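Protein chains in written order, with the UniProt record's numbering: chain A, 1 to 264; chain B, 1 to 264; chain C, 1 to 264; chain D, 1 to 264.
No wet-lab data here; the hints were simulated from the structure.
If you're wondering where the values come from, they're calculated on a predicted model, not measured in any experiment.
It is possible that part of the hints are untrue.
Heads up, the list lumps identical chains together, so a pair's fine if it works in one copy or across two of them.
Cross-link-like lysine to any residue pairs, in silico, SDA-like; alpha carbons within 20 Å at most [unchecked claim]:
id, residue 1, residue 2
1, 53, 37
2, 172, 50
3, 53, 34
4, 154, 251
5, 172, 113
6, 193, 136
7, 154, 185
8, 20, 139
9, 172, 214
10, 53, 31
4 protein chains.
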Amino acid sequence: MPEYPTAQYPTALGASSLEKITLLGQDLARDVMGEVGFGELAFWLATQRRPGKGETRVFEAVLAALADHGFTPTAIVTRLTYLSAPDSIQGALAAGLLGGGSRFLGVTEDCGRFLHDALSTADRPVDDELALEIVRAERAAGRFIPGLGHHVHKNGDPRTARLFEIAREEGKFGPHLALFEAIGRVHPQVLGKTLPLNGAGACGAALADLGLPLELLRGFALLARAAGLIGQLAEELRTPVANEIFLSVDLNNRPVPPAGGSHG
Amino acid sequence: MPEYPTAQYPTALGASSLEKITLLGQDLARDVMGEVGFGELAFWLATQRRPGKGETRVFEAVLAALADHGFTPTAIVTRLTYLSAPDSIQGALAAGLLGGGSRFLGVTEDCGRFLHDALSTADRPVDDELALEIVRAERAAGRFIPGLGHHVHKNGDPRTARLFEIAREEGKFGPHLALFEAIGRVHPQVLGKTLPLNGAGACGAALADLGLPLELLRGFALLARAAGLIGQLAEELRTPVANEIFLSVDLNNRPVPPAGGSHG
Amino acid sequence: MPEYPTAQYPTALGASSLEKITLLGQDLARDVMGEVGFGELAFWLATQRRPGKGETRVFEAVLAALADHGFTPTAIVTRLTYLSAPDSIQGALAAGLLGGGSRFLGVTEDCGRFLHDALSTADRPVDDELALEIVRAERAAGRFIPGLGHHVHKNGDPRTARLFEIAREEGKFGPHLALFEAIGRVHPQVLGKTLPLNGAGACGAALADLGLPLELLRGFALLARAAGLIGQLAEELRTPVANEIFLSVDLNNRPVPPAGGSHG
Amino acid sequence: MPEYPTAQYPTALGASSLEKITLLGQDLARDVMGEVGFGELAFWLATQRRPGKGETRVFEAVLAALADHGFTPTAIVTRLTYLSAPDSIQGALAAGLLGGGSRFLGVTEDCGRFLHDALSTADRPVDDELALEIVRAERAAGRFIPGLGHHVHKNGDPRTARLFEIAREEGKFGPHLALFEAIGRVHPQVLGKTLPLNGAGACGAALADLGLPLELLRGFALLARAAGLIGQLAEELRTPVANEIFLSVDLNNRPVPPAGGSHG
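Please model the complete structure; the sequences and the hints are all you need to start from.
Structure (structure tokens):
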């Protein structure tokens, strides 16, 4: 029987004793279960600070905005993995989340970080002049501004306006959202065309205004998507399409010679 | 440019057009964002039916009960994977969820299914007599009853009593919870000892009473755990322990000869 | 600075000191690199016993048989995940492997285990009489025999005959392969039709004859597939099809009302 | 029954017809199984070009060098995930591979890319003068040179010398290895101290000299590690340590108050 080293791993998260379970310093059964909503709890777990009602409403609006976008690669992946390994729900969910990288779920994080960095080096409060400088600097450096543009909602992403509204109602419209909105106003002067502020970018701005850790902004998008992927699995159970998708690819394969030539 | 086949993949989840995004048949921006909590939305996505307030409260109590249990294998795995590949939050989260299998997160699903099967074949309403028959039958078959027993909370899991209470308050104490509670009362007559009804099992019973799909009960445990794992990552960012854990293993490795002998 | 507990974790795998790296008790640089092929090493790592040349040849034939089958769900998943998160090769590979479950890669393991169990309870050497009893017993129990049947190669899976041949050439045609072959001869008498012995099943029989751990037969299929999935990624880099696959699904979504009705 | 679109997805990998299975344009059963080793096949799949004997030997030496390094985070993660979800070998393997990111398996890719970029912009053949310029430029830019330094093998990583030797024996010591070796000779003049050329970096150089796609260098490290992780699982089956590791963490947790204070 090995001796274990003495107390090394501090945590404020879950802990148990014979009679009691605590979470975040609370009595889990008495003070969390039945008292704390799931969005509120997710916020609390990530910040170790209980959010107020307004913060929770903005946070849950962001999660709703990101939960599901139909047949995205992540949704297709989860359904195909479930088709192939139906014994492992955790594998199907994990496989889908692995698509939550730089391209499809990354805008939220990229936009939050971009706004945060811009604000960190700004020498004055947010206004259109500041936004204009920032857009000009990015243009000069040949970089795109995260959160600007959408391949479907070319006239405006309905999630963005609504998130602005909710954040204002709750007094949580902070400098990240303000700068993002200002960029939306001024960028046509520099870029010569009007692009919509997309919802994923607005979500990043809102999460940053809520004080959530920038390193984990993608994590919240993944949490939202986890709920969406369970919805995809539930629908797949009722109305399966994964085998159809698989066959639509497999039956349309076209054998071609190897690129490097064959030395066989 | 390939021609695509005609409409094949029905879905009631996310869909977009130029002006509008719908989710579950709702206008996402107007009717979901700011109006629907995250737990409520997760339930709705999984059932395609909007839950009532009482259902949402029970459901969120279950998610709270399962979100985090401290340094479980899943939490350790997420922290170690983040240590090793900090560029991929999605990888760290997915790796942790992959531990949500039969042993550590499986009780919720196993218990929900067990109760459901027992109820399906029962020829009368739930009472102690029925529970006694079921416990006797399992004992005779040499099987354990899922949800019975806990390695820490030997005098009772505080989550179980609380979940019973919340379900009763909301009028959602259905046959699965009733049978689970009855098993808690009668099993000592058969097994000769008193075991606690554990929280994970109670969660499975509650989810089954809410009418959630049995195939996905593990999925809800995974959703809850996703929030917990983001909490673990946030804490790891603030107070890192993963490298310490890694070294505590690596520095204590003990080289031994290969089991099969070496033919080298 | 914590004190670590004393030597707890025995291992015969990799270990390092200032001057030397050992693997499986060998000097890695001197005795493994340049001396041991990759298939041979994988066998050695799994059994901690160095295989002979004949064992390696059979093992590598199995890996070749399982490496890639074109646009399987696992291949599609890896390509779509790479599309969505191109920054994380490990995520794309892991996502593909997660499809290696009971349905698409499971036959190898199921067949190996089935033959092993049948041989464990047999009271005499393998012959057609024994195979007939086994097929009859499975039929009576309403169970399918793993490894029997193929949706494409209805007249015989070319991998099976070739694997029998290689195993015979190397003196590694043991009882598992013998029983599998006998089942191939006798099953029409019981089932009333002739089904091919599929390659995945033959691979399971061959791996079992090589003495590889039954719990890990699926692991070898996954190792083979890992090489195949890297091939899929390499081809995706040269000739991308994932975006086309994604669009072929997304553009053919068909919005339908939620199954449970909307209470919104 | 939907109509599928016409041939869209070209591939030179696996394809099947009633009588025959092809892989890379070869007859799988006749020309690959029993004829092509696993390392050779993995190379062929990734390049669609059959490697020569010398290329295969260098490639397999690289895979051997990267297969297992004992109780790394990836190995611990695979064992813990198997403990937690023993029903899903694919999940345990995938979870371990997800640690193959920038920090623990990334050097191979980073070094290969670094050398490739340096060679692309060099205006003359590799010699010590060129290496000196490169080291000076990196130093001036405040960047580390990938592949330089090792926390254990401070006097030299035995894998590096051996890989140089094997590549020379096979006539595969190309410009990437030559530049890497030259950097090893000249860097003390610039850095004022002698650092070892590590094995992971040498592997990246060797893979680049073999003409393997730079985007997938990490993929080969992952393939090697897949074999190592199956070895870890096999050892875990024989000599379990995962539960011990889990307990060594869980029993040494130390509850602390939440960072953000509790508003409960």
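The hints, checked one at a time:
no.: 1; hint: 53 - 37; in the structure: both (10 Å within a copy, 11 Å between copies)
no.: 2; hint: 172 - 50; in the structure: within (15 Å within a copy, 28 Å between copies)
no.: 3; hint: 53 - 34; in the structure: both (16 Å within a copy, 12 Å between copies)
no.: 4; hint: 154 - 251; in the structure: between (35 Å within a copy, 17 Å between copies)
no.: 5; hint: 172 - 113; in the structure: within (18 Å within a copy, 44 Å between copies)
no.: 6; hint: 193 - 136; in the structure: within (14 Å within a copy, 44 Å between copies)
no.: 7; hint: 154 - 185; in the structure: within (15 Å within a copy, 57 Å between copies)
no.: 8; hint: 20 - 139; in the structure: neither (57 Å within a copy, 30 Å between copies)
no.: 9; hint: 172 - 214; in the structure: within (17 Å within a copy, 39 Å between copies)
no.: 10; hint: 53 - 31; in the structure: both (17 Å within a copy, 19 Å between copies)
Of the numbered hints given earlier, the model fails hint 8 alone.
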